[in-house]
Amino acid sequence: MKNTCLSVFLLVLMFTSCKNSNNNQSYTTQSQNTNIKKDTVHPGEKLMKVYCYSCHDATTSEDLRLGPPMIAIKRRYIFKDTSKEEFINDIQEWIKNPTEKNAKMYGAVKRFGVMSKMYYPEDIIAKIADYMYDNDIEQPEWFEEHYKQNMGNRNRNRGGF
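Residue 14 in the working numbering sits at position 14 of the sequence shown, and the numbers go up by one each step.
Just so you know, these hints were derived from the structure itself, not from any lab.
Bear in mind the structure is a predicted one, so any value in this text is a computation, not a measurement.
Heads up, a few of these hints could be off.
Cross-link-like lysine to any residue pairs, in silico, SDA-like; alpha carbons within 25 angstroms at most [claimed, not checked]:
no., residue 1, residue 2
1, Lys-117, Glu-141
2, Lys-80, Lys-117
3, Lys-148, Asp-63
4, Lys-104, Glu-86
5, Lys-46, Trp-94
6, Lys-110, Gln-92
7, Lys-101, Phe-79
8, Lys-110, Asp-134
Construct the entire structure; sequences and hints are all you get.
What follows is the structure, encoded as C-alpha cells:
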C-alpha cells in the first residue's frame with residue numbers, strides 16, 4: 001500500500017511540475033544547423049509587456065490609454081528602407097531623450113504629451129525593438145481606420161510601412 005501511495009504521489013508531482021514548463025510559446029524559430037523547429041518566446045515580447053504595456057497596451061480602450069499603442073510606434077518608426085539597426089537605434093534614442101524636439105509622433109505628443117524619461121538599460125530596449133521590428137504587434141480594432149485617416153497620406157510620401 002505504501003508503495004502504491006508513493007507511486008501515485010510521485011506521478012502527480014511529475015505531472016504538475018511539468019504542466020507549466022512551455023505555456024507561453026508564441027513564435028517559431030529555426031536553428032541554422034537543423035531543420036527542426038523549436039517553439040520559444042522572444043525575450044523582447046515579454047519585456048515589452050512588462051515595460052511598455054502599462055501605457056501602450058492595445059487592449060486598453062482609446063479614451064483610457066496613456067500613450068499610443070505599440071503598433072502605432074512601430075508604424076511611425078519603420079519605413080520600407082528602415083533597417084533593424086536603424087529602428088533599434090531610433091527607439092533607444094527616443095527612450096533616452098524623449099523631448100518634443102526629438103518626437104516623431106507629433107499627434108501622440110499633442111494628445112498625450114511627451115513621454116516621461118525611462119531609465120531602462122540599452123539591452124532591454126534593444127530586445128523590445130528587435131521583437132517589434134520582426135513580429136506582428138497587437139493592434140486595437142480601431143487602429144487601421146485611424147491610421148488610414150491620420151497617417152495614410154504622410155506615409156505614401158515617405159515610402160510607407
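These are the hints, each one checked on the structure:
1. Lys-117 <-> Glu-141: Outside the cut-off at roughly 29 angstroms; violated.
2. Lys-80 <-> Lys-117: violated, 29 angstroms
3. Lys-148 <-> Asp-63: holds, 19 angstroms
4. Lys-104 <-> Glu-86: The given pair, whose Cα atoms are some 14 angstroms apart, holds under the 25 angstroms limit.
5. Lys-46 <-> Trp-94: Holds. Lys-46 to Trp-94 sits at ~20 angstroms (cutoff 25 angstroms).
6. Lys-110 <-> Gln-92: Between Lys-110 and Gln-92 the Cα gap is close to 21 angstroms, so the pair holds against 25 angstroms.
7. Lys-101 <-> Phe-79: Since the Cα atoms of Lys-101 and Phe-79 sit roughly 21 angstroms apart, the hinted pair holds (cutoff 25 angstroms).
8. Lys-110 <-> Asp-134: violated, 28 angstroms
The structure fails hints 1, 2, 8 (numbered hints given earlier, in ascending order).
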